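Number of protein chains: 6
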Amino acid sequence: MRILVINPNTTAAMTATIEASAVASASPGTKVTAVTPAMGPVSIESHYDEALAVPGLLAEIARAEAEGSADGYVIACFGDPGLDAARELARGPVVGIAEAAMRTAAYLGRGFSVVTTLNRTRGRAEDLAAHYGLARFCRRVRACDIGVLALEEPGARETVLAECRRAVVEDGSDAVVLGCAGMAELCKEISAEIGVPVVDGVAAATRTVETLVALGLRTGDRGEFARPPAKPYTGLLRDFQVGSPIIS
Amino acid sequence: MRILVINPNTTAAMTATIEASAVASASPGTKVTAVTPAMGPVSIESHYDEALAVPGLLAEIARAEAEGSADGYVIACFGDPGLDAARELARGPVVGIAEAAMRTAAYLGRGFSVVTTLNRTRGRAEDLAAHYGLARFCRRVRACDIGVLALEEPGARETVLAECRRAVVEDGSDAVVLGCAGMAELCKEISAEIGVPVVDGVAAATRTVETLVALGLRTGDRGEFARPPAKPYTGLLRDFQVGSPIIS
Amino acid sequence: MRILVINPNTTAAMTATIEASAVASASPGTKVTAVTPAMGPVSIESHYDEALAVPGLLAEIARAEAEGSADGYVIACFGDPGLDAARELARGPVVGIAEAAMRTAAYLGRGFSVVTTLNRTRGRAEDLAAHYGLARFCRRVRACDIGVLALEEPGARETVLAECRRAVVEDGSDAVVLGCAGMAELCKEISAEIGVPVVDGVAAATRTVETLVALGLRTGDRGEFARPPAKPYTGLLRDFQVGSPIIS
Amino acid sequence: MRILVINPNTTAAMTATIEASAVASASPGTKVTAVTPAMGPVSIESHYDEALAVPGLLAEIARAEAEGSADGYVIACFGDPGLDAARELARGPVVGIAEAAMRTAAYLGRGFSVVTTLNRTRGRAEDLAAHYGLARFCRRVRACDIGVLALEEPGARETVLAECRRAVVEDGSDAVVLGCAGMAELCKEISAEIGVPVVDGVAAATRTVETLVALGLRTGDRGEFARPPAKPYTGLLRDFQVGSPIIS
Amino acid sequence: MRILVINPNTTAAMTATIEASAVASASPGTKVTAVTPAMGPVSIESHYDEALAVPGLLAEIARAEAEGSADGYVIACFGDPGLDAARELARGPVVGIAEAAMRTAAYLGRGFSVVTTLNRTRGRAEDLAAHYGLARFCRRVRACDIGVLALEEPGARETVLAECRRAVVEDGSDAVVLGCAGMAELCKEISAEIGVPVVDGVAAATRTVETLVALGLRTGDRGEFARPPAKPYTGLLRDFQVGSPIIS
Amino acid sequence: MRILVINPNTTAAMTATIEASAVASASPGTKVTAVTPAMGPVSIESHYDEALAVPGLLAEIARAEAEGSADGYVIACFGDPGLDAARELARGPVVGIAEAAMRTAAYLGRGFSVVTTLNRTRGRAEDLAAHYGLARFCRRVRACDIGVLALEEPGARETVLAECRRAVVEDGSDAVVLGCAGMAELCKEISAEIGVPVVDGVAAATRTVETLVALGLRTGDRGEFARPPAKPYTGLLRDFQVGSPIIS
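Those sequence lines, one after another, are chains W, X, Z, E, R and U.
Note that numbering that gives the first Met the number 0 gives residue 48 to position 49 of the first sequence, counting from 1, and the numbers run on in steps of one.
Note that numbering that gives the first Met the number 0 gives residue 145 to position 146 of the second sequence, counting from 1, and the numbers run on in steps of one.
Note that numbering that gives the first Met the number 0 gives residue 112 to position 113 of the third sequence, counting from 1, and the numbers run on in steps of one.
Note that numbering that gives the first Met the number 0 gives residue 242 to position 243 of the fourth sequence, counting from 1, and the numbers run on in steps of one.
Note that numbering that gives the first Met the number 0 gives residue 176 to position 177 of the fifth sequence, counting from 1, and the numbers run on in steps of one.
Note that numbering that gives the first Met the number 0 gives residue 247 to position 248 of the sixth sequence, counting from 1, and the numbers run on in steps of one.
These are computed hints drawn from the structure, not numbers from a lab.
Worth double-checking, as some hints may not be accurate.
Derived pair list, reagent style DSS-like, types lysine-lysine, alpha-carbon separation capped at 30 angstroms [claimed, not checked]:
#, chain 1, residue 1, chain 2, residue 2
1, U, Lys30, U, Lys230
2, W, Lys30, W, Lys187
3, E, Lys187, E, Lys30
4, Z, Lys187, X, Lys30
5, R, Lys230, R, Lys30
6, E, Lys30, R, Lys30
7, W, Lys187, U, Lys30
8, X, Lys30, X, Lys187
9, Z, Lys30, X, Lys187
10, E, Lys30, R, Lys187
11, Z, Lys30, Z, Lys187
12, W, Lys30, U, Lys30
13, U, Lys187, W, Lys30
14, X, Lys30, Z, Lys30
15, R, Lys30, E, Lys187
DEER-style ranges, computed between Cβ atoms [said to hold, decoys possible]:
#, chain 1, residue 1, chain 2, residue 2, range
16, E, Gly194, R, Ser68, 23 to 29 angstroms
17, Z, Gly67, E, Glu152, 36 to 42 angstroms
18, U, Ala19, X, Ile245, 44 to 50 angstroms
19, R, Gly242, U, Asn118, 20 to 26 angstroms
20, W, Glu151, U, Gly28, 29 to 35 angstroms
21, W, Ser68, R, Gly146, 58 to 64 angstroms
Note that the structure is predicted; figures quoted are calculated from it, not measured.
Even for Gly, the Cβ is constructed at its ideal location relative to N, Cα and C.
Using the sequences plus the hints, can you model the full thing?
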């Protein structure tokens with residue numbers, strides 16, 4: 000089984016972190032690769048960034064479909080950008096890390112908290128929790144006010160840890176969800192320190208795709224998620240036309 | 000007051016229809032212009048099309064912001080593509096035609112039905128109704144199974160009318176919402192025939208933007224909807240970097 | 000276009016404040032008049048007051064309908080008293096200031112707070128937010144514990160302002176809704192001081208009625224909101240019989 | 000214990016039917032009286048009728064409070080008119096027949112249907128089900144299209160029965176709620192014929208008030224439901240001023 | 000009328016407290032008996048305890064059904080254990096104290112708080128509030144961190160009282176629900192001290208069963224709640240087979 | 000990794016079917032065993048059966064915990080009986096087949112239908128969908144009116160298949176969830192015939208437990224799901240006392 004993990008931003012170092020987490024979580028026999036899109040923002044910290052990350056990630060899915068090189072896909076940004084469009088495009092299943100992390104956390108108790116990066120991204124996480132039916136489980140979305148690319152800087156780990164601790168004490172949460180693909184490597188360490196399960200979406204999504212592929216399950220394609228109809232695309236995005244070389 | 004109506008698809012004939020409806024609905028003294036993006040799909044009939052329509056529409060907003068040529072914006076596709084991103088980018092208010100149509104219909108009785116084009120787009124309309132808090136008001140989303148660009152063809156008007164009639168009889172709806180910008184010109188005629196109010200989102204959104212601008216109201220920009228942070232963008236989308244010539 | 004704004008309480012000074020806000024918000028060419036009912040409470044600060052305000056406001060709508068002197072109506076009390084009954088009675092659209100203010104605020108970001116007068120009226124505002132589908136948008140209803148008729152007294156403005164400030168800081172709201180028609184004149188000033196959009200329901204409702212009338216939209220009257228059946232009324236309220244001189 | 004049942008319409012024959020049902024359902028030792036208001040509509044079949052029924056019913060509560068002649072109150076119209084206002088006015092508990100009927104039916108299985116009179120009143124019943132938190136339990140509100148005062152006419156009983164039967168077969172409901180005080184006397188008979196429990200709101204509300212009084216429970220009056228502040232009332236409704244002879 | 004109140008734990012002293020409250024709340028002419036099951040945990044303070052309390056309580060219902068010795072049943076543990084199963088087994092109505100207490104409190108104002116024993120039981124109470132449609136009414140579930148069997152110890156009453164006081168001040172609740180059958184005897188005293196109505200579930204459920212029996216209402220048994228099909232049971236639980244001596 | 004799958008009924012043939020599905024779905028290297036409890040009903044077709052199945056399944060978990068023979072658990076009955084209690088008892092994760100099947104189906108499109116056995120079990124499935132936050136995804140729960148132990152009889156397969164087909168055509172569902180552990184072996188075949196993904200809960204839950212164990216995730220045990228306090232148990236259930244030989 001081959002799983003393609005797409006980091007929707009264009010920062011290769013972050014793709015490497017993500018790939019490490021995805022590979023570490025996969026079963027033996029599953030080949031996991033992470034990829035950086037050829038276009039888009041270096042980090043996703045606004046609705047604007049998220050919208051502009053979508054073409055690049057769709058191109059990666061289209062390429063893999065054309066090559067027949069992947070059985071399933073992970074979208075490795077906590078806003079789950081382009082998820083519905085990706086499901087139309089891919090033959091195999093596509094899972095976002097926010098949906099996988101939050102659905103996984105729902106198995107671990109009555110309520111979880113999300114700990115994310117910038118304050119301004121909290122709204123999107125709350126939206127997704129509601130959209131996935133998890134509003135009752137998601138007790139609070141907390142922000143550390145650390146930029147996505149600053150997670151590696153000194154002090155960042157301590158700030159994230161402190162916020163996770165507050166999730167346990169103040170929210171009474173049974174589990175914590177890390178709200179950014181860039182936090183994947185902190186997962187085990189934080190869990191050990193705060194004494195509750197901590198969910199990394201990259202790992203959760205990778206295993207979820209594995210499960211879907213293993214069980215022969217993919218997006219139902221007889222209605223809303225059928226392959227998009229081919230039609231002219233123009234301008235800068237002309238190559239995104241379904242049937243063009245890049246979206247074959 | 001100057002309102003820019005963006006048709007997120009690239010079909011100029013449809014932009015003209017939309018502009019006519021927007022202009023007809025605006026108050027005297029309001030200058031309304033509709034624009035066709037320089038890139039993207041000729042029609043929006045899938046999540047994929049919708050995702051790829053966003054860069055083009057954001058570019059139009061950015062251009063108008065750079066020129067200072069608009070006080071508010073309408074996004075004239077019933078999927079409200081790119082709405083949150085547009086709100087981050089624009090100084091003035093931005094309103095989608097689905098949200099305006101559905102919120103307007105909620106003033107007209109206990110329940111409304113949406114009549115849209117292709118079956119596969121119903122899911123998005125249901126999503127939006129829930130997202131805007133209108134699930135209780137939206138009794139049913141009905142599709143005519145007519146493509147967006149086929150609305151002008153012979154027989155299409157009759158099919159839309161028949162579906163609107165069913166909305167009144169079968170759903171018991173007090174009002175009908177037309178679920179596609181391309182249906183704007185049918186609004187008055189259908190209302191006359193079925194005897195209940197029929198809401199065209201282009202008109203509703205244009206008047207809503209007018210109201211917001213007139214009252215000095217714009218998106219709150221102290222949190223989630225603050226201007227996106229400037230950062231590198233790469234590849235085909237490099238010019239979408241905030242601060243670049245096209246997103247000044 | 001002629002819009003009748005009904006202040007459901009009997010305090011003429013408050014009617015004047017309301018009229019000023021309504022007139023200021025209307026488009027050129029729209030004639031806005033505010034009216035004080037001939038019966039009822041001097042202010043509305045309980046469910047009891049609200050219930051007893053309804054006959055007087057319905058009489059004003061009936062009078063205007065008989066005269067043919069209005070194309071649409073605003074109910075200018077934040078409890079939206081008698082809204083459903085008024086919709087049955089009026090040929091043109093009827094909009095309450097709570098529904099208009101809250102629906103308008105929903106265009107301005109992810110969440111708003113309501114700042115109202117007495118603590119005991121918070122429940123009604125919360126009820127309305129839920130009823131209009133805006134529970135998710137309405138982060139908190141805050142009270143200043145100032146009586147409706149004391150809003151003009153020294154210190155009141157400062158108290159309202161302080162509560163609005165708390166809405167921004169503590170609730171993280173993108174916008175503030177003023178929860179009393181008597182606060183209309185504070186709107187611009189408070190917005191300037193707290194740096195987020197502030198919505199006055201009188202202005203929002205006046206513009207919304209304008210929009211509905213301009214677009215030819217009125218309450219659907221084929222079901223629940225058809226004209227009430229004529230039938231005998233007795234006692235003190237005998238003149239409220241549909242078909243009587245006052246409810247012609 | 001003395002319970003006052005208020006028929007909010009002015010039809011004495013219906014008050015007699017209601018009283019019979021209330022008396023039959025009360026415990027030995029409880030004195031139940033039904034009363035017809037001195038003002039208002041002969042039947043309640045619209046939001047307009049409902050609004051105009053409220054002053055008369057509040058006057059009856061105020062009179063009983065002044066006399067000290069009742070320990071608790073039932074509002075015997077399925078729209079629960081004036082319930083919140085009545086709770087502010089009364090020292091003892093006040094229960095509406097819609098809330099009592101629907102909450103009682105919720106003890107009898109997973110779902111119930113409401114069978115009511117005119118089609119146009121269905122919206123109010125749906126509203127109340129949602130307001131009381133019973134949307135999940137209330138599977139459907141069905142109308143017989145019989146006017147409130149026509150329930151005694153030949154054929155009416157058969158029509159109501161047929162609709163109740165459909166509730167069992169089509170909705171799969173475990174219980175049926177009769178959606179009009181005027182249907183009280185049909186309750187036992189219909190239950191026998193359709194084989195599922197049938198709830199009459201007059202009986203349910205009378206017993207609920209009995210329970211609340213017996214347990215020493217009344218509306219909490221430290222916040223929203225404190226006695227309304229005294230203030231001037233004018234015009235036709237001047238005597239409704241709290242502290243006046245009729246609202247002492 | 001004969002009501003059987005089942006204390007689902009095996010502590011006879013607590014059964015006595017429960018019986019006292021149930022007897023005190025019943026109408027003259029109603030014979031109320033409380034019973035202690037022959038098997039199960041001495042107190043219910045976990046999901047595990049609750050699950051293991053169910054066989055014993057079902058056996059008591061089955062015995063009473065076989066004897067024909069009860070017209071209705073109360074399940075006197077705030078987790079409402081085994082309620083759906085009991086409804087299948089009993090001919091008469093069955094009411095849990097959590098559902099009765101919470102539905103009763105909903106008649107007393109806009110919101111109530113629950114005050115319960117151990118922190119770990121809060122989740123179950125929140126679940127039940129949601130399940131019964133009362134999430135909007137239930138403002139907060141508070142725990143005293145007192146074990147069920149420690150409620151009689153010195154200081155316990157003060158701790159419960161303090162938590163009830165906080166419910167009024169911090170939650171703004173109109174009423175308080177006592178979240179444990181063992182708190183029944185504190186009800187009147189706490190209400191007197193905190194000045195808002197306090198609901199004891201044992202009393203509320205006893206009166207509710209009385210009401211249902213008096214009105215001839217029992218669980219609808221034509222679908223989900225029909226008598227369970229007879230079938231083999233094995234092992235330790237073999238006597239629980241429907242049709243066996245203990246489940247005749 | 001060792002996963003214990005508990006068939007909560009006592010029919011060994013059904014345990015074998017379940018084990019086959021669980022084993023087939025597990026990754027290489029995972030040892031899956033299914034077990035039949037030593038007590039309880041031969042099939043679970045009522046709330047009563049479900050309640051009485053819980054002690055036997057908890058005993059199996061306790062035994063495996065005492066032996067240290069399992070890293071995680073599947074509860075293989077679509078009512079997810081005893082799930083919360085099992086989570087308190089087990090050190091490793093515990094997953095029910097209804098929650099796993101429904102959460103898995105939510106990755107496959109906008110909506111799914113559940114196809115279950117007897118009509119009377121539909122209510123429980125609807126309850127669980129709501130409880131897990133999946134009410135919006137679960138379009139309809141359909142029953143075949145086939146007893147759990149009759150699924151192997153001639154004609155049963157055709158009846159299940161026909162109902163699944165209706166789920167696609169009438170409900171417009173993107174996926175179908177099989178609502179009984181006994182249907183596991185039909186999964187692939189039905190999917191092939193109806194052309195949409197079909198989810199078997201046994202397979203989904205087995206893979207979900209695998210994922211949780213692989214990622215080091217187990218139920219958060221610092222609050223509600225901490226190990227149950229030890230205390231006396233009496234009568235037939237005395238050995239269920241925490242700390243006894245069977246619940247060590």
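Now for the hints, and whether the structure bears them out:
1. U:Lys30 / U:Lys230: violated (34 angstroms)
2. W:Lys30 / W:Lys187: holds (22 angstroms)
3. E:Lys187 / E:Lys30: holds (22 angstroms)
4. Z:Lys187 / X:Lys30: OK: Lys187 (chain Z) and Lys30 (chain X) at ~25 angstroms, within 30 angstroms.
5. R:Lys230 / R:Lys30: The given pair, whose Cα atoms are some 34 angstroms apart, is violated under the 30 angstroms limit.
6. E:Lys30 / R:Lys30: Measuring from Cα to Cα gives roughly 22 angstroms; hence the hint holds.
7. W:Lys187 / U:Lys30: holds (25 angstroms)
8. X:Lys30 / X:Lys187: holds (22 angstroms)
9. Z:Lys30 / X:Lys187: Given that 30 angstroms is the threshold and the Cα spacing comes to 25 angstroms, the pair holds.
10. E:Lys30 / R:Lys187: Measuring from Cα to Cα gives roughly 25 angstroms; hence the hint holds.
11. Z:Lys30 / Z:Lys187: holds (22 angstroms)
12. W:Lys30 / U:Lys30: Holds, because 22 angstroms separates the two Cα atoms, which is no more than 30 angstroms.
13. U:Lys187 / W:Lys30: holds (25 angstroms)
14. X:Lys30 / Z:Lys30: This hinted pair holds, its Cα atoms lying about 22 angstroms apart.
15. R:Lys30 / E:Lys187: Holds, because 25 angstroms separates the two Cα atoms, which is no more than 30 angstroms.
16. E:Gly194 / R:Ser68: 23 to 29 angstroms: holds (26 angstroms)
17. Z:Gly67 / E:Glu152: 36 to 42 angstroms: Holds, at about 38 angstroms.
18. U:Ala19 / X:Ile245: 44 to 50 angstroms: violated (60 angstroms)
19. R:Gly242 / U:Asn118: 20 to 26 angstroms: holds (22 angstroms)
20. W:Glu151 / U:Gly28: 29 to 35 angstroms: Roughly 34 angstroms apart at Cβ, these two residues keep to the hinted range, so it holds.
21. W:Ser68 / R:Gly146: 58 to 64 angstroms: holds (60 angstroms)
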